[in-house]
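For the protein sequence lines, the chains are A and B, in the order given. Quick note, in my numbering, the first sequence goes up one by one and the last residue is 432. Quick note, in my numbering, the second sequence goes up one by one and the last residue is 432.
Since the hints were derived computationally from the structure, they do not count as laboratory data. Heads up, a few of these hints could be off.
With a straight-line cut-off of 27 Å between C-alpha atoms, the simulated DSS-like cross-links for lysine-lysine are [claimed, not checked]:
{"id": "1", "chain 1": "A", "residue 1": "K378", "chain 2": "A", "residue 2": "K412"}
{"id": "2", "chain 1": "B", "residue 1": "K378", "chain 2": "A", "residue 2": "K96"}
{"id": "3", "chain 1": "A", "residue 1": "K68", "chain 2": "B", "residue 2": "K378"}
{"id": "4", "chain 1": "A", "residue 1": "K412", "chain 2": "B", "residue 2": "K407"}
{"id": "5", "chain 1": "B", "residue 1": "K378", "chain 2": "B", "residue 2": "K412"}
{"id": "6", "chain 1": "B", "residue 1": "K407", "chain 2": "A", "residue 2": "K96"}
{"id": "7", "chain 1": "A", "residue 1": "K68", "chain 2": "A", "residue 2": "K96"}
{"id": "8", "chain 1": "B", "residue 1": "K96", "chain 2": "B", "residue 2": "K68"}
{"id": "9", "chain 1": "A", "residue 1": "K378", "chain 2": "B", "residue 2": "K378"}
{"id": "10", "chain 1": "A", "residue 1": "K407", "chain 2": "B", "residue 2": "K407"}
{"id": "11", "chain 1": "B", "residue 1": "K190", "chain 2": "A", "residue 2": "K96"}
Number of protein chains: 2
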Amino acid sequence: MPPLPLPGFRDFYPDEFSLRTHLFGTWRAVATRYGFQEYDGPPLEPLELYTAKSGEEIVTQLYNFTDKGGREVALRPEMTPTLARMVAARANGLRKPIRWFSIPQLYRYERQQRGRLREHFQLNCDLIGEPGPIGDAEIIALAVDAVRAFGLGPSDFRVRVSDRRVLSELLAGLGLDRAQVAVAYQVLDKFGRAPREVSVGRLRDAAVGPDAIGRLLTLSGVRTWDAFREAAAGLGDAVGAAEPLRRTLAALEAMGLAEFVDLDLTIVRGLAYYTGTVFELFDARGELRAICGGGRYDNLLQALGGVDLPALGFGLGDVVLTELLRDRGLVPGDQSAIDVFLAGIGEEDASEVLALAHELRDAGLRVEYALSPQPLGKQLRLADARNARLAVVLGPDERARGELVVKDLAAKTQSAVRRDAVGAWLLEALRG
Amino acid sequence: MPPLPLPGFRDFYPDEFSLRTHLFGTWRAVATRYGFQEYDGPPLEPLELYTAKSGEEIVTQLYNFTDKGGREVALRPEMTPTLARMVAARANGLRKPIRWFSIPQLYRYERQQRGRLREHFQLNCDLIGEPGPIGDAEIIALAVDAVRAFGLGPSDFRVRVSDRRVLSELLAGLGLDRAQVAVAYQVLDKFGRAPREVSVGRLRDAAVGPDAIGRLLTLSGVRTWDAFREAAAGLGDAVGAAEPLRRTLAALEAMGLAEFVDLDLTIVRGLAYYTGTVFELFDARGELRAICGGGRYDNLLQALGGVDLPALGFGLGDVVLTELLRDRGLVPGDQSAIDVFLAGIGEEDASEVLALAHELRDAGLRVEYALSPQPLGKQLRLADARNARLAVVLGPDERARGELVVKDLAAKTQSAVRRDAVGAWLLEALRG
């Protein structure tokens, strides 16, 4: 027997691949409606492309190795460094804002946990060269639509939006020092998943005072702009720092997406490189991991690629989204039915079957026929097994009259059709 | 500056990616018309999956390494071993014949030659469970159509077909021993590229007699069935062994593809695992490497996967095909134009622009607008730069009348349209 696939890697049989086709096709359609253009880079990159940004500790999670030429290389764990390199290489020739998307397969090598994958696909959308808050709304709207397009509504998933500039101002206004700010970020980030007393305990351990803890708890519960203004009153210039966030939320409302959006200051995003808006998409019941995360990273392209352009974007993976779609019964059935099955009665019909098959395929129809001589009944059973909508039977009597028999396999009806008109007849029948 | 991509790896900028979209989309459409279903496997596989078939020498060409768990692994150099494993794992549950295709990215690590890639994409189509010659015709026809669909005709490319069973019978009939047969295969394989005297010299060096050399040279020039019958007369039962080949060629003729097909006994295919029909697609001028190669490998699934099923298939790469399309001027232009650009005259139009943008995107249109406030002239220049077909201008006077202005940017005409009818109006205008 052949070796099994590597742990954490997936085979995609046709029934599983049809879901991937559905995911990628829907994502491409939505991104294209936003004027985004698709790009891709190499799945294997120099290791340095990742360590330059994240330091050496990221190597523990990378699928990295030394190649035969002595190069330190890694299977890509994320798309942003590749994007930064590509934009930097042609920065002057690219129209701004740059609207690009990609659907890379990404890799990580963590200690294997049960059922944890080491590869996944991720829709990456990035908007580069636009500093203003409408750009933030555009990217958040695209993320929402890339999930909404599968038939999921505001009772299925939510986008939670925050802003690192606001958080930073709030924590400074609470009088937290640098070390306490770091703890507060971690506590906020885990707030939805950790018991309240654990969060409070961690803040107390960091010598955050009871008043500041109380206000932080209040701020954690904020979900609307009005509640935020009240909870943030007197904390530095948090309300002023939130002006871009307010305009982003207003733009999302103008787009008709307000019902999907919650202001949520516990959204921090683990990655250190975000400089403004941060957001995550979650299933509304809170049962799954985040579906999507993103935000503004205005300094990253310069750090990675040497080109100073504001940027923001998100990554939306296939795994959690698929769990949600399965849970809501929104995974479509196998789309691989054929249109027409051709059946010949005698050996002498065989070459006519081949000629007609090719004529119909040239016209764009999905056509199959039996590849070896078989009785008519067996051929029609094969037509059923292939989910054919129509079967065409070619026999000597009909041939003598210049005709064929077309059977509608669902309706159990049949019609005699002129051989020279059968292409147009079938196209019409399949359209109906 | 960030590190360059690894040698032999490609970045796909949007203008390059649009060609990939065209290639993959066309291949998918053609394969689907033949009733083929798409599948995929992991890009990284256990090294043993490849060495089991091809022995250790293949390792010199593999992108292989030891992973962090101590496993010997390789980036996939070909798809067939993965296919064999997947079919073996579900052999009983899959309807025969199995019609599967995939478009994997494949990797090899050869000594770097100038411009030589270390990755490419390849359309793989395989038909499993069908022993007869119509199956061979079906696979060859699919390969032809997967190239023909780009607008290439019989004066652009040819498919050359042979059969290992026939070759084997011919060489035995010529009285060649085992070592001489191996040399003859190598000479035939290089026949089109090597000078005639080199081929003859190699056969002489192997002690092949002058009569046998003369007949081999005649056989090398055979391109039709009638010429084959004449040249093969008296050589064992070569004509009998060619009966499946004759039926395959007749089926291709019935399909209307005869003008693309040459019988060509110099097609050997380097890989040892072919057992019957072998074929290659070449540009008709003979200037490029093979576009596609394939054949019947009836013993391979058993050797690799432990399941005894006859099978045949082909691999069609993106690189040589792209060279041919470029050479013939058949690479389509960038398809990334948007449908509608929305422009607002004053600040107060901004939220109406957002609402309409989202309404139109929901209707499936590709829509952009300026993400920051700009004068109308600059917005319309951006519309031009984005290749928008229509621009919609929202201003205070029109808003007061419940109207918008729609500009056709190519025709330089404009119309006043009711705000509540603009979606339908634009869809109609774009369809026209």
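- Item | 27 Å limit on alpha-carbon distance, applied to hinted pair K412/A and K407/B | Given pair K412/A, K407/B is violated - Cα atoms ~52 Å apart, limit 27 Å.
- For the pair we were handed, K378/A and K378/B, check the Cα-Cα distance against 27 Å. Not satisfied, since the Cα-Cα distance of roughly 67 Å exceeds 27 Å.
- Query: Going straight from one Cα to the other, do K407/B and K96/A come out at no more than 27 Å?
  - Reply: holds (23 Å)
- Message: Check the hint pairing K378/B with K96/A against an upper bound of 27 Å on the C-alpha distance.
- Response: Answer holds: K378/B to K96/A is near 13 Å, not above 27 Å.
- Query: Taking only the CA atoms, is the gap from K68/A to K96/A under or equal to 27 Å?
  - Reply: violated (40 Å)
- Query: Is the hinted pair K378/A and K412/A satisfied, with a Cα-Cα distance of at most 27 Å?
  - Reply: Roughly 17 Å between the alpha carbons, so the hint for K378/A and K412/A holds.
- Restraint check for K96/B with K68/B, where alpha carbons must lie at most 27 Å apart: Answer violated: K96/B to K68/B is near 40 Å, above 27 Å.
- Message: Between the alpha carbons of K190/B and K96/A, is the straight-line distance 27 Å or under?
- Response: violated (52 Å)
- Distance restraint between K68/A and K378/B, which requires alpha-carbon spacing of 27 Å or less: The hint is violated at about 53 Å.
- Query: Taking 27 Å as the top limit, are the C-alpha atoms of K407/A and K407/B close enough?
  - Reply: violated (50 Å)
- Query: Under the criterion that the straight-line Cα-Cα distance not exceed 27 Å, is the pair K378/B, K412/B satisfied?
  - Reply: holds (17 Å)
In the structure shown, a violation is registered for the earlier hints numbered 3, 4, 7, 8, 9, 10, 11, in ascending order.
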